[in-house]
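Colleague: In order, the protein sequence lines correspond to chains A and B. Residue numbers for the first sequence follow the numbering used here, beginning at 1 and rising by one. Residue numbers for the second sequence follow the numbering used here, beginning at 1 and rising by one.
Do not take every clue at face value.
Copies of the same chain look alike in the list, so a pair counts if it fits in one copy or across any two.
Said to hold, decoys possible - Computed list of lysine to any residue pairs in SDA-like fashion (alpha-carbon distance at most 20 Å, straight line): (1) Lys418 x Ala174; (2) Lys476 x Leu46; (3) Lys468 x Ser13; (4) Lys445 x Gly168; (5) Lys141 x Lys445; (6) Lys308 x His278; (7) Lys19 x Ala382; (8) Lys19 x Tyr52; (9) Lys308 x Thr357; (10) Lys445 x Tyr243; (11) Lys109 x Gly124; (12) Lys308 x Asp79; (13) Lys80 x Ala174; (14) Lys43 x Arg307; (15) Lys285 x His366; (16) Lys445 x Ala174; (17) Lys418 x Ala170; (18) Lys141 x His402; (19) Lys141 x Pro449; (20) Lys141 x Arg401; (21) Lys109 x Ser434; (22) Lys21 x Lys80; (23) Lys261 x Leu399.
Everything labelled a hint here was simulated from the structure, so no lab data went into it.
2 protein chains.
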Amino acid sequence: MAEVWPWQAQVDSVVERIKAKGAQLRASNESTHSAETRAAWLKELLLLKHEYLQFTGEYFVSEGERKQRKRQRAQLLVDKLTPPLPPSAFPPWAERDFFRFEVVHSSRKPGSRARVGRIVTPHGVIDTPCFVPVGTNGALKGVTSDQALEAGVQLMFCNTYHLLVHPGPAVVEAAGGLHAFMAHPRTMPIITDSGGFQVFSLANACADEEGPELKSRRKRNQDDAGTGTVLALSEQGVHFRSYLDNREIFLSPESTVDAQKRFGSDIIIPLDELPPYHVTPERLKESVYLSHRWMARSLRRHLQDQRKQAMYGVVHGGTDHALRRESIEYLASLPFDGFAIGGSLGQDRAEMVELLTFLLPLVPSHKPNHLLGIADEESVVASIPLGVDTFDSCNPTRLARHGTLMTRAGQLRITSLKYADDHGPIDPQTPTISQSRAYLHHLYKQHEPIYATLASLHNIRYMHALTKRLRDGILKDEI
Amino acid sequence: MAEVWPWQAQVDSVVERIKAKGAQLRASNESTHSAETRAAWLKELLLLKHEYLQFTGEYFVSEGERKQRKRQRAQLLVDKLTPPLPPSAFPPWAERDFFRFEVVHSSRKPGSRARVGRIVTPHGVIDTPCFVPVGTNGALKGVTSDQALEAGVQLMFCNTYHLLVHPGPAVVEAAGGLHAFMAHPRTMPIITDSGGFQVFSLANACADEEGPELKSRRKRNQDDAGTGTVLALSEQGVHFRSYLDNREIFLSPESTVDAQKRFGSDIIIPLDELPPYHVTPERLKESVYLSHRWMARSLRRHLQDQRKQAMYGVVHGGTDHALRRESIEYLASLPFDGFAIGGSLGQDRAEMVELLTFLLPLVPSHKPNHLLGIADEESVVASIPLGVDTFDSCNPTRLARHGTLMTRAGQLRITSLKYADDHGPIDPQTPTISQSRAYLHHLYKQHEPIYATLASLHNIRYMHALTKRLRDGILKDEI
């Protein structure tokens, strides 16, 4: 497919049209054409150059401009609602032999959209619905790959932003990709994000801090983002300063794909913009359009060198139903392999459920979907009946590190003195780790590093037991 | 054995003699006996009360004194060189069915005392020579029991001082002992120390800080001891303040055994005193005598309720050959199951080797011996040919945490930038972990918790590979 699609011819065609329009403009003057006509031609030229950027990720620079080392970024964007590349600019989606989604069973319970599925990737199978723990830097916090596999982890989420900053894509590529770099002993698929979430959540941190967004998202911003800075945001991409060493890094729809190619991720996320939570409807719409243009560029870059990687489009539009519909309709028209649900999902769980209830029926059901950054227990239980397949979050492992263990009787604060002499299992109803409450209490109080390991393993295993129960419930049409 | 030995009759006999001597004194006066005679009787009485303390761990309090709630601690110790309980006060040593030491092979290399052995304990077999990692709080730093077992750990060293402070012996006992508390999935023997080392290394910290003692010991003091304080040291034991919660804790030869009984340790260490490094020969001798009296009391307590636990005597005497000889000769005359080598071993490795060369031929060779707190690679390589069987140290795991990995080509500072893109194994000559230098460098730089886990596992496996090589060398009479 990638071989036969006329990727270069598309670019050549735009270049021809730019040259023709430029020649037309240069050949005209006040006496030959009206000012209105020439202004319209100029706008057409800018739109063509904009199209060139959509196809290539680069600003169009003519021969003459190249000689004069000119740039014209500022003039480029004629309209913040400029549409992204149309579906016709892409080859149609076709079944991938290296990435398949099979719906094993769709619940027949009235009103339920829940389904049990299997995502088959080059690095292993993912049984959905599936909890996806986050290993920001290419490592789960306190849990080795061996332990993660033993705990039943089937998909790991890594953050491109952090991996770009350290160790950088060249090191990961030289290792043979993330799987080899992390020395996964057997197989475990990896999904990486675009880096956009961290770059923008950082820039928006002030605006967001007081925002009533779901707690898990807010905390994620604060925990993960360090102290980097967005230096410049343009149609081409975003320049930011590394939180680690102050280095300037350029993140574009193409560069994030290039990085994720070098990481060898099984599932790639295209670049999107994360608008602040408190945003006007106009600004939100502009953001969705920018995200669409960026994601189309990422997809184009991806499809030209697909390797055995899949790409999910990220549905945006905040809590605006019309925008959400527009977003999923556009993304569904492109050859993405699945869909991630991003952006703001509202002020609380009720709003999230309301939004997902509206949104998920619009998401193509023959492709897998992923709920980005939300995996607290209540949200998982609430969203799986709505049809969510996979969901990542640092929440279960961060809760664990900070002393909160998940049990079927509710969250348990292992820091409490009442567990000092409680030799029972963490959750009598869920077999997870063999260590007792008293031992974990002791390890926590003594700041022993293996506290975080064992507590995280407990919560990860608890989440897997939870999704296993939910899968069983779906298979019985009870959910 | 414990059943037939007249433990109580020994106490009864002392009590009778105390009463008789007291009656004799009370019945006399200036007119019936000379002042010299009565002074001699008083000294005899004090010695008898001292003997009572040796047998019971308690001060003798007469009926009259009990009514008046009197104590007479200050008067008790008539002489700091009072001898400990004689061998005749103990049952003779006999083979234990629950704890056996088998010498598999003694090197026939001229001048070598190296041997390959097996210690069979109720919780598993220890192949000697064996490196023993330290899990101060009942947990190796960053390494779970499962991982330790996979890494080949056969004996774990835990610190009674820390476990007394938290979680306390009652919690560990209620869990079913340390093995159950830690939820060892299979079997791994545990050796615990007496707590004395930490209590005194703390008190001596100022004196020690400038001392030229072996680095590994100095660091251990600083790292482990927290900020506790010795409140009072007496013949009976030592009162100290918990570094954790300022609680006053009493550590006596009997109480440490009671605690280690409750921990269910496979190998118990009796209470000893750790003199400061800079100490006069007189003070050192007094310290050795006190340690002997204390260890005899610990042994007595232990043998009255042996369970399936073994006890090693701790050889003292610093760098004084005569004292070391006196120490091992006394300890060898008691029914200990093995011998630990404690106290100062000199200013550097050469002095340690010189001392061990003198000392080890005096240690009964049919019982296992343990070198306390020294397991840096060079010391291990130097001391195994001298006949050392087991040796504990936090050194390999602490080195790992701080960025130093052990390889056959020397220590490797994983923090160095030159490893950022080095995708080779940590030590090409020693299979340990599957992760690369580049990955560990990345994890270290990003402060990922699993850095400590993987680095510690590497150094532990490296130490096991080292002792395996040395065992093979002994079997071939090359070492």
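Colleague: Would you mind marking each hint as holding or not holding in the structure?
Modeller: Here is what the structure says about each hint:
Proximity of lysine 418 to alanine 174 under the C-alpha cut-off of 20 Å is restricted to the inter-copy arrangement: shortest distance 14 Å between copies versus 50 Å within a copy. In this homomeric assembly, lysine 476 and leucine 46 never come within 20 Å of each other (Cα to Cα): the closest approach is 58 Å inside a single copy and 83 Å across copies. Taking the shortest alpha-carbon separations for lysine 468 and serine 13, neither the intra-copy value of 52 Å nor the inter-copy value of 70 Å comes in at or below 20 Å. Within a single copy, lysine 445 and glycine 168 get their C-alpha atoms only as close as 36 Å, which misses the 20 Å cut-off; across copies the closest is 13 Å, which meets it.
Both within a single protomer and between protomers do lysine 141 and lysine 445 lie at most 20 Å apart by alpha-carbon distance, with minima of 19 Å and 14 Å respectively. For the identical chains of this complex, lysine 308 and histidine 278 are neighbours neither inside a copy (39 Å) nor across copies (68 Å), given an alpha-carbon limit of 20 Å. In this assembly of identical chains, lysine 19 and alanine 382 lie within 20 Å of each other by CA distance neither inside one copy nor across copies; the values are 55 Å within and 80 Å between. Taking the shortest Cα distances, lysine 19 and tyrosine 52 sit within 20 Å of each other inside one copy (12 Å), while across copies they are farther apart (109 Å).
For the identical chains of this complex, lysine 308 and threonine 357 are neighbours neither inside a copy (32 Å) nor across copies (64 Å), given an alpha-carbon limit of 20 Å. Only between protomers do lysine 445 and tyrosine 243 lie at most 20 Å apart by alpha-carbon distance; the minimum there is 13 Å, versus 31 Å within a single protomer. In this assembly of identical chains, the alpha carbons of lysine 109 and glycine 124 never lie at most 20 Å apart, being 30 Å within a copy and 54 Å across copies at closest. Taking the shortest Cα distances, lysine 308 and aspartate 79 never come within 20 Å of each other, neither inside one copy (36 Å) nor across copies (83 Å).
In this homomeric assembly, lysine 80 and alanine 174 never come within 20 Å of each other (Cα to Cα): the closest approach is 39 Å inside a single copy and 68 Å across copies. In this assembly of identical chains, the alpha carbons of lysine 43 and arginine 307 never lie at most 20 Å apart, being 38 Å within a copy and 93 Å across copies at closest. Proximity of lysine 285 and histidine 366 under a CA criterion of 20 Å is satisfied in neither setting, with 28 Å inside one chain copy and 84 Å between copies. In this assembly of identical chains, lysine 445 and alanine 174 lie within 20 Å of each other by CA distance solely across copies; the values are 18 Å between and 41 Å within a copy.
For a Cα distance limit of 20 Å, the shortest separation of lysine 418 from alanine 170 across copies, 15 Å, qualifies, whereas the shortest one inside one copy, 50 Å, does not. Taking the shortest Cα distances, lysine 141 and histidine 402 sit within 20 Å of each other both inside one copy (12 Å) and across copies (18 Å). Taking the shortest Cα distances, lysine 141 and proline 449 sit within 20 Å of each other both inside one copy (11 Å) and across copies (6 Å). For the identical chains of this complex, lysine 141 and arginine 401 are neighbours both inside a copy (9 Å) and across copies (16 Å), given an alpha-carbon limit of 20 Å.
With identical chains, the CA atoms of lysine 109 and serine 434 are never at most 20 Å apart, being 37 Å at best within one copy and 47 Å at best between copies. Taking CA atoms no more than 20 Å apart as the test, lysine 21 paired with lysine 80 passes in neither setting, with 22 Å inside one copy and 106 Å between copies. In this assembly of identical chains, lysine 261 and leucine 399 lie within 20 Å of each other by CA distance neither inside one copy nor across copies; the values are 32 Å within and 36 Å between.
Taken one by one, the earlier hints fail for this structure at numbers 2, 3, 6, 7, 9, 11, 12, 13, 14, 15, 21, 22 and 23, listed in ascending order.
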